[in-house]
Amino acid sequence: MQNTEQYRLISLAKNGDEYAISCLYDIHCQGIFRFLYYRTGDRYIAEDMTSEVFIQMFRSLHKYNPDTGSFTSWLYTIARHQSIDHYRKTKSRPEQPITEDLISSLPGPETTNDKTQLQEELILKIKELPEEYRELIALRFISQLSIQETALTLGKTIDSVKGMQFRALGALREKMKLWKE
Amino acid sequence: MNKDQLLHEKLSELESGKPVAEILQDLPGEMSDIGELIMLASKVQQNMQPTLSHEAARKQFEKVRISLNTQKTTKSQKWQWAILSMVLALLFIVTISAGAFIFWTAQPVNAASLDNIQGVVAVKTVNGDWTIGENNTRIKEGSILRSYADSTAEIKLPDGSVIVLDPDTQISIDKLSWKRNGTLEFLVSTISGGITNTVVPLRGSISYYHVRTPGGLVSVHGTEFQVYALDNDQSIVSVLHGNVLVENPSGEVDLNTGQMTFTNTAGAPQEPHYSFNYTGRIESTQEDGLSLDGTNIVVTDDTKAVNQPEVNSTVHVIGHFDTEGNQVADLIVPGNAKHSNKVFTGTVTAISDSVWTVGSSQVTVLPETKVNGKPEVDSIVRVWFHINEDGTWNADKIVNAKNEKDIAIADSEEEIGDDTGDVTLTPSPAEDSTATVSDGTLEPTLPVGTPTPEGRTTGICGSESEQPHAVTLAERYGTTYDVIMGWFCKNNGFGEIDLAYQLSNEFGKSVDEIFEMRGSGMGWGTIRQELEGRERPTKEPKVERTKRPH
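Keeping their order, the protein sequence lines are chains A and B. For the first sequence, numbering that gives the first Met the number 0 assigns the number 0 to the initial residue and increments by one for each residue that follows. For the second sequence, numbering that gives the first Met the number 0 assigns the number 0 to the initial residue and increments by one for each residue that follows.
Hints may be right or wrong, so weigh each one.
Computed footprint of chain B on chain A; a stretch qualifies when at least three of its residues, placed anywhere within it, have a C-beta under 8 Å from a C-beta of chain B [unchecked claim]: (1) 17 to 24; (2) 158 to 167.
Pairs of lysine to aspartate or glutamate, EDC-like flavour, derived with a Cα cap of 20 Å [to be verified]: (3) B:K62 with A:E127; (4) A:K88 with A:E120; (5) B:K58 with A:E17; (6) B:K58 with A:E51; (7) B:K62 with A:E17; (8) B:K2 with A:E51; (9) B:K42 with A:E120; (10) B:K42 with A:E127; (11) B:K2 with A:E173; (12) A:K88 with A:E51; (13) B:K42 with A:E119; (14) B:K74 with A:D16; (15) A:K176 with B:E8; (16) A:K13 with B:E61; (17) B:K42 with A:D158; (18) A:K124 with B:D32; (19) A:K155 with B:E8; (20) B:K62 with A:E173; (21) B:K2 with B:E21; (22) A:K174 with B:E35; (23) B:K74 with A:E17; (24) B:K74 with A:E51.
Hints listed in this document are in silico derivations from the structure and should not be mistaken for laboratory results. We put the CB at the ideal spot given by N, CA and C, even for glycine.
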C-alpha cells in the first residue's frame, strides 16, 4: 500500500472512522499476529494481543506523527511493548511447548515429512537464539518488515540492524548445522 | 563491500521476488557462507508464516470495534462530565461568592468619622479616654463628642447622613450600626448644645435615625433638622426640610418644613409653629431685644440663650413671629460668622409687583430672586433673604414648602453650584423676569434659555388645563410644570423631554445642552454615545440637604 493511501486511512481513523480502522486492521493484523506469536509462543494469547495492539493503536492514534516514522514501525513498536508487558506479567519467557501448536498453524500440513521436520527444527532453533536475535528474525523474516522499519521498531540504526541480521542468521545457521550433524 | 551490506542487498533482491538460485549465482565464490544465510532466510520466510484465521481475525476485530465505540462513548461522556464539572464548579464559585457577599453586606459598619473640624472637638472613646478629634477620627458607638466655644465639626455616618455639631455642644453616640444593604440603626443623644442633622432617606423597615433630647425623642426619615438641648430637660427641634416626629411620654407632634417646637419632660411637645432661623452679628442690645444685622428681634423671659448675647458677637437665633408680626427669639446660641444666613417660614398673604408679604413680613422680590414651586397667596413658603442698609429685606430665594423637591433642588443648587439650570427658576436681569401676580397666582419667570410655550402651535400650549404628563415629569425631575411645558411647546415630545432629563441627570449636562445637541441634528443614540465619551462625574450619596442656617 502506498504511503499516501495509508495516511489517508490514518487520518480517517483518527476521526473514529470505523471503516478506515478496519482497513488498517486488515493490512497489518497478520504481520502483528505472527510477530506476537513468535514472541509469546501461544496462538490464543497472540490472537488476543493482536486485538489489544489495535485497540491501543486507536487510543494512541492522535499521538502518531507521520514525520517521526512510518506507521508500520509505530504499530510494531506498540506490539513490541505489548509483548514486553506480557513477559513482565508472566515474568518468564514462554515455556509452553510451542512446537506442536506452531507447527500445526503453519501452512501445508499436507506437505512432506521433510518439510514438517524443517519447520519444527526452525522453530526450536529460533527459540534457542538470544532474545534480540529472535526479535529481529520475527520482525524481519516472519513479519517481513523492511530493514528501515525493523530499525525504527527496535530503536536501532539501519547499519546496526544490518549487522544484527547477519549475526542472527549466522547463529541460526550454526544451530541448524548442529541439528543436521 | 562488507558481508553485512552484501547480505542486506541480497536479501532485498530476495524480498523483491528474485529466485534464490539467481541470487546465489551472482555471489562471489568466497562469499558462499552468505549464500547459506540467504537460503536460511528464504526458508524462514517461506515456512514460518502462521496465519490468523479469518474467523479469529474477525473475532479480534470485533473486540477492536467494541472498544472503539466504547471509547467514543467515553469521550462523549468525558465531555459531558467536563461540562458538568465546569457547571458545578461555576455554581460552587457563584454560591461561595454570593455567600461571601451576603456575609459582607450583613457585616455592620459601626463607625462614623469626623470631618470639617473647626476649633477644638474632643472625643471620649469607649475606653473612657478623651482625645482631641481630628478629621477622619473614627467615631464608634458609645463615643461622646464635645465641641468647644467657636468650634464646629461634622460627623459623617456610613450611610452618608451628616451631623453638624454647633459650638459648645455635647452628644453621645448611643447606637451606630450600618449594613451595606442600607440598614441604619442610629441613636444620638444631645446632652447639651445643638446639632443639625442631614439624614439620607432611610432604607428598610428596620432602619431608624433617632435623636434623643432631654425633652423627648426625634424620629426622622430623610430630612434636615436642628436639635438644641437646653437646660431643665428642654429641647428645641427645628425642621429645615422634611418631616420629623417629636415625641415624649406625654404626646407627639409632627413637624414639617420650617416648623419648630419645644419639648420637655413636663408635658407633650408644644404645638408646632413656623420659625425663623437667623445667623448674624448683634449690632446692639436693648432690655427687651436686640438688633441683628439691622433687624429687631424681641427677647422675652422665655427666650433661651446659651450665652449672654454680646454686641458684635455672631449668634444663631431661632424664633417665631408673634401675632403683631414681631420676631420673637426662642433660642439664641453662638453662631458661625462664616455661615451668615437668614431664613423664615410663613404664609404668603399678599403679592404685589415686587413686594411679597409673608406672614407679617414684607420682602422685596428682585429679578435675581429664585422662586420655586409656584407659590401663591396662602402658600406656605420659606424665604431666604438679606437685609438692606435701609432695613428692608430682599428675598434671595422663595420656595413653596409644599414642594419638597423644589426645596431640595434649590438648596442643592446653592450648595454645590449645580449646573442644571433648566430645573431652576432663575430670572435673567436682562429680561423681564420679575415675578408677577395675576389674580393672586404667581407666574414665575422662566430661566434663561428655557423654552417658552410659544413654540408649539398645538392647543395644549395655550390650554389652561394641566397636562398630566408634564405634571409627572415635573415631579419626577424636581422642576416646574411650566419648564416641562416650555420644552414641550418647543416641539419636543414628553418622551424626549423624559429622555433629556435622564441624560442630564446621568451625565451631569444641563437639559439645555442636551436639547442643543438634539437641535443640532444628533440622534438620541448619538447624544448618549457622545456623553458617554465624557468622563462621568463622581456620584456622591444623594443627600437632600440645605445650607446650614448659620
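Against the structure, the hints:
Given a C-beta distance limit of less than 8 Å, the hint that chain B covers the segment 17 to 24 of chain A holds, as 4 residues qualify and 3 suffice. With a cut-off of 8 Å between beta carbons, the segment 158 to 167 of chain A has 5 residues touching chain B; three or more are needed, and the interface restraint holds. At roughly 34 Å between alpha-carbon atoms, K62 (chain B) and E127 (chain A) are farther apart than 20 Å, so this suggested pair is violated. Distance restraint check for K88 (chain A) and E120 (chain A): the Cα-Cα separation of roughly 29 Å exceeds the 20 Å cut-off, and the hinted pair is therefore not satisfied.
Annotation: proposed proximity of K58 (chain B) to E17 (chain A) holds, straight-line Cα distance about 15 Å (limit 20 Å). The hinted pair formed by K58 (chain B) and E51 (chain A) meets the criterion: a straight-line CA distance of about 12 Å does not exceed 20 Å. Between the alpha carbons of K62 (chain B) and E17 (chain A) the distance comes to roughly 13 Å, so the proposed pair stays at or under 20 Å and holds. Straight-line distance between C-alpha atoms of K2 (chain B) and E51 (chain A) comes to about 39 Å, which puts the hinted pair past the 20 Å bound.
For the hint linking K42 (chain B) to E120 (chain A), the alpha-carbon distance of about 11 Å falls within 20 Å, and the restraint holds. At most 20 Å may separate the alpha-carbon atoms for a hinted pair to count; K42 (chain B) and E127 (chain A) meet this at roughly 17 Å. For a cut-off of 20 Å, the pair hint linking K2 (chain B) to E173 (chain A) stands: about 17 Å separates their Cα positions. At roughly 15 Å between alpha-carbon atoms, K88 (chain A) and E51 (chain A) fall within 20 Å of each other, so this suggested pair holds.
This hinted pair checks out: K42 (chain B) and E119 (chain A) have alpha carbons roughly 12 Å apart, not beyond 20 Å. With a C-alpha separation of about 15 Å, the suggested pair K74 (chain B) and D16 (chain A) falls inside the 20 Å cut-off, and the hint holds. Under the criterion of a C-alpha separation no larger than 20 Å, the hint pairing K176 (chain A) with E8 (chain B) is inconsistent with the structure, at around 24 Å. Distance check on the hinted pair: K13 (chain A) and E61 (chain B) sit about 18 Å apart at the alpha-carbon level, within 20 Å; holds.
At most 20 Å may separate the alpha-carbon atoms for a hinted pair to count; K42 (chain B) and D158 (chain A) exceed this at roughly 24 Å. Our distance criterion of 20 Å between C-alpha atoms is met by K124 (chain A) and D32 (chain B), whose separation comes to about 19 Å. For the given pair, K155 (chain A) sits about 19 Å from E8 (chain B) by alpha-carbon distance, which is consistent with the 20 Å threshold. Annotation: proposed proximity of K62 (chain B) to E173 (chain A) is violated, straight-line Cα distance about 42 Å (limit 20 Å).
Distance hint between K2 (chain B) and E21 (chain B) is fulfilled; the C-alpha atoms sit about 18 Å from each other, no more than 20 Å. Restraint check: the Cα-Cα separation between K174 (chain A) and E35 (chain B) comes to about 13 Å, which is no more than 20 Å; the hinted pair holds. Pair hint K74 (chain B) plus E17 (chain A) holds up; C-alpha atoms about 16 Å apart against a cutoff of 20 Å. Of the pairs offered as hints, the one joining K74 (chain B) and E51 (chain A) holds, with about 19 Å between alpha carbons and a cut-off of 20 Å not exceeded.
Of the numbered hints given earlier, the model fails hints 3, 4, 8, 15, 17, 20; all others are met.
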